[in-house]
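Produce the entire structure from the sequences given, and follow the hints as far as they go.
Taken in sequence, the protein lines are chains B and Z. Under this note's numbering, the letters of the first sequence match residues 1 to 315, in that order. Under this note's numbering, the letters of the second sequence match residues 1 to 201, in that order.
By construction, these hints were calculated from the structure, which means they are not laboratory data. No incorrect hints appear here.
Okay, derived cross-link-like pairs now, BS3-like style, lysine-lysine, Cα gap no bigger than 25 Å in a straight line:
hint: 1; chain 1: B; residue 1: Lys51; chain 2: Z; residue 2: Lys150
hint: 2; chain 1: B; residue 1: Lys34; chain 2: Z; residue 2: Lys171
hint: 3; chain 1: Z; residue 1: Lys101; chain 2: B; residue 2: Lys47
hint: 4; chain 1: Z; residue 1: Lys32; chain 2: Z; residue 2: Lys75
hint: 5; chain 1: B; residue 1: Lys51; chain 2: B; residue 2: Lys93
hint: 6; chain 1: Z; residue 1: Lys101; chain 2: B; residue 2: Lys41
hint: 7; chain 1: B; residue 1: Lys15; chain 2: Z; residue 2: Lys171
hint: 8; chain 1: B; residue 1: Lys111; chain 2: Z; residue 2: Lys150
hint: 9; chain 1: B; residue 1: Lys177; chain 2: B; residue 2: Lys208
hint: 10; chain 1: B; residue 1: Lys148; chain 2: B; residue 2: Lys177
hint: 11; chain 1: B; residue 1: Lys93; chain 2: Z; residue 2: Lys150
hint: 12; chain 1: B; residue 1: Lys51; chain 2: B; residue 2: Lys146
hint: 13; chain 1: Z; residue 1: Lys150; chain 2: B; residue 2: Lys15
hint: 14; chain 1: B; residue 1: Lys15; chain 2: Z; residue 2: Lys122
hint: 15; chain 1: Z; residue 1: Lys101; chain 2: B; residue 2: Lys45
hint: 16; chain 1: Z; residue 1: Lys101; chain 2: B; residue 2: Lys51
hint: 17; chain 1: B; residue 1: Lys194; chain 2: B; residue 2: Lys176
hint: 18; chain 1: B; residue 1: Lys93; chain 2: Z; residue 2: Lys101
hint: 19; chain 1: B; residue 1: Lys177; chain 2: B; residue 2: Lys166
hint: 20; chain 1: Z; residue 1: Lys150; chain 2: B; residue 2: Lys45
hint: 21; chain 1: B; residue 1: Lys15; chain 2: Z; residue 2: Lys101
hint: 22; chain 1: B; residue 1: Lys41; chain 2: Z; residue 2: Lys171
hint: 23; chain 1: B; residue 1: Lys41; chain 2: B; residue 2: Lys111
hint: 24; chain 1: B; residue 1: Lys100; chain 2: B; residue 2: Lys34
hint: 25; chain 1: B; residue 1: Lys72; chain 2: Z; residue 2: Lys150
hint: 26; chain 1: B; residue 1: Lys100; chain 2: Z; residue 2: Lys150
hint: 27; chain 1: Z; residue 1: Lys101; chain 2: B; residue 2: Lys72
hint: 28; chain 1: B; residue 1: Lys47; chain 2: Z; residue 2: Lys150
hint: 29; chain 1: Z; residue 1: Lys150; chain 2: B; residue 2: Lys41
hint: 30; chain 1: B; residue 1: Lys34; chain 2: Z; residue 2: Lys150
hint: 31; chain 1: Z; residue 1: Lys150; chain 2: B; residue 2: Lys110
Just so we're clear, the structure is a prediction, and the values are computed from it rather than from any experiment.
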Amino acid sequence: MNSIPFLRFPLIVIKEVLSTMTPFELIHLSMVSKRSQTIVKTFSKPKLRNKFNLEFRFVNNYELSVENERMKCEFIFTSSGYNEFSVIYTDRKRFDTIQKRTENKFDEFKKICIIVLDIFESNRKMLHYDINADTNENRVIIDMLKSKSFESCHIYDDKGNDHDLKYLLDNLEFSKKFAIFSIRRDYVPTDLPKNVRSLSLGNARFLKLEQLMRLECTRIWLGLTNLTNNDINVFLKSWMSSESNLNLEQLEIGLLSSTTDDILLNIPNEFRDETRLLPSGVDIKRNDGMTARIQFIGGHTMRMHVHSPVSTELS
Amino acid sequence: MSVENAPVVDVDEAAIPVEKKMYYRFESNDKKEFRVSELAIQQSETLNRLVEAMGYTSEDVENKPAIAIENIDGKTLKLVFQWCEHHKGEAIPVDDGSVPKIVEIPEFDAKLMDIDNGLLFKLIWAADYLNIVQLLNVSCKKVANMAQGKTPAQLRRVYLLPSDEEDEAAKRAAQEAQDPRAREVEEEFEERKRQGGNSFF
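And the structure:
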């Protein structure tokens, strides 16, 4: 094999070589030895900080991708697929994928994960987690990711595994977006993450009016709810008097009832035509002048867009 | 322009005159002499500063001895100056901060660097020593490209990287070289540990 004594280069050359390497190459180089890992960390880590999005996906396979606007490098550990390595170029981006078939997905994933978290330190971390995919592995996976903060998190739960879900919510942090997709009717999460900007709950039937009014998110999506029209009427009145949900910018609620007439009962409102920024609907006003455009879709969904009157006029 | 036609003049081999403009004479550590144009020299920050500081006139270039570059051999220096002549007048690239760094290897450079790794190794050292930014960029990119699609085990062989065990052994050997008693003490300590003694003394 064609070889060259890498460690005998001057440090500036080593740094230069590393600076042109893809994430895959840096990760594999780090895996050669402790010394090579130290070299990659010393020279590359400062340049790589917050330059890539890191996405962790524990669904059927265990997947980890390192991505920026020019390239995406993805590791896939599977117990049923094939070993594959591919490089695909599109007009703007390069996609490198390594798929490895293994009987021990977690151990293989962990080796890569530790290195990636160390070298590609990034605030832009995303997590996709099927809490029922490998129930025996949930604890070790969560422990591996413990104390890490994820910008965005999507959890899938179609069977109900409250114990592990509580463990996940207790041990991981979420900063921007949190979403749980569950089809169970009795689904009750322990504590919803606080301080996230965006909250999406596929099944929010557990959510009481008081809980909804305590949410401080800017965007809320509630797929299925048990909220009555009267609950939503109370919620809107509370928002109009600046008593709750002051940060709210967008809300979508799946309605329990198919009639929507009484939702706006005793609420002053005015019909407005569609603009460039907003769909047609009725405007309601908050006591500080902010306005919300309310839109009912198909009799089963209510959307609320909070906007300042100026932005509507401009459009 | 092909590598063969690059206007580097190895005085020993062919005394073809370069364009009638300022040029300099350099000598490698194995006494090979080269004439290189002033514009080509500008690709090397080190040589550019050197000739500026010397303030040679055309007569000085002819009458004084060639400037000695003592740690680069003729074969390597020939490649360096071929590269500089081909890229003379080009702007020195500035790092735009992209990650990974974007470096394209032009066809001429690819042919120039179609050499054995021993010579490539010397070329990179020379590019670094003479501070030729773009030559360093492309030659380092060539080394980085050797990692494409390689597993950690393959990378170990490509870059001749020692394993953890080899690093440990080298460290122990270095320690022993400094203190010959160290191994004896270590062995004695291990033996006492095996015997169950808590105290070393």
